[in-house]
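Protein chains: 2
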Amino acid sequence: MKLLEEKIIKEGKVLPGNILKVGSFLNQQIDTELLREIGMEISRLYDGCGVTKILTIESSGIAVAVAAGIIMNVPVIFAKKHQSSNVDSSVYTASAHSYTHNIDYNMVISRDYLTSDDHILLVDDFLAVGNALHGLISLVEQAGATLVGAAIEIEKAFQGGGDKLRAQGIRVESLAMIDRMTDTEVIFR
Amino acid sequence: MKLLEEKIIKEGKVLPGNILKVGSFLNQQIDTELLREIGMEISRLYDGCGVTKILTIESSGIAVAVAAGIIMNVPVIFAKKHQSSNVDSSVYTASAHSYTHNIDYNMVISRDYLTSDDHILLVDDFLAVGNALHGLISLVEQAGATLVGAAIEIEKAFQGGGDKLRAQGIRVESLAMIDRMTDTEVIFR
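Which chain is which? The protein sequence lines are A and B, in order.
FYI, in my numbering the residues of the first sequence are 49 to 237.
FYI, in my numbering the residues of the second sequence are 49 to 237.
Treat the hints with care, as some may be off.
Copies of the same chain look alike in the list, so a pair counts if it works inside one copy or between any two.
Unchecked claim - Using 25 Å as the maximum straight-line C-alpha spacing, the simulated DMTMM-like pairs for lysine to aspartate or glutamate come out as follows:
1. K129 - E53
2. K69 - D95
3. K50 - D165
4. K128 - D231
5. K55 - E189
6. K69 - D79
7. K129 - E233
8. K61 - E106
9. K50 - D173
10. K58 - E189
11. K58 - D79
12. K50 - D227
13. K58 - D160
14. K212 - D160
No lab work stands behind these hints: they were computed from the structure.
A quick note: this is a predicted structure, and the numbers were derived from the prediction, not measured.
This is chain A alone, in the form it adopts within the complex (with noise of 0.2 Å):
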């Protein structure tokens, strides 16, 4: 997506350790212009694929997942995440890591809200080496829903987690792919 690539260029950030600081627009500040694009191609990419709703994870997914979901006009579910392994019998739970902020949580969702009628698409803004997707997929397999596929704002294509989940043969759509990361450039696939 032009646009977003564009946006990336003129106000990302590089900083030591891979990390795309895009606090400006994405998250944090939030473009809403930039945003309700955004949802447009989210929901022009899926289309006629009978998504009945939207999974994401809080906080920073929230965001793009409304965006689309208020132009797919389908419901916007979000995992919360727990530090405490203590969960209950009505939810679906998952592990994961945080790179960034190097601990491990748990993301946790209602029985309630994900069920083996759903047709679910993922969105998310981030995905690396695919701690999050992982787990959202875990969820979506727990209740027997469908998985359709992701929507990613921003992929770090050189962090493999992408392939690896196209590799099994889960659609990935990622809005802006990058290839690699210098300390001033950031280079499109």
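Fit chain B to the known structure of chain A by using the hints.
For chain B alone, kept in the frame of chain A given last:
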């Protein structure tokens, strides 16, 4: 807002301790059709007031803030919740208490995204005693920004937070105002 009140009556669940559960349509699972209407109502209420940015707090405020931001075509910024008070000089910070989780936390926002040029509309899902709003107002004051007002999805008016803010001259618009709740019933003002 009639549509929201009807939804609360139909799908809301009153739990002990004056808790109103709206997880099936407002948080956890988000009814995006309703959310778009809510965004339009917030836009209508603050039309012509010169809002330059919407400020909310993660994570349940993000959905409604984004909906309003998309329709009003202004950026959305959100304060993050940190449990540690270990913050640096690049951010504004305010402390608050969560009655839901019974913890104190800090709300934190980068100085880059909240400035003295901004005219801020606060948006959140719930208003009860007003802890979260007080924290957000403090962030606005620290930045020297102008506070335009607040837009809330559900105000528990019987807990007094909204009226205290109004008595201070702050414009607070709540789309559903609950006067009291019994074990089985929600009564609107």
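Item to check | Ascending list of hint numbers which this structure does not respect | outcome: Result: hints 1, 2, 3, 4, 5, 7, 10 and 14 break, sorted rising.
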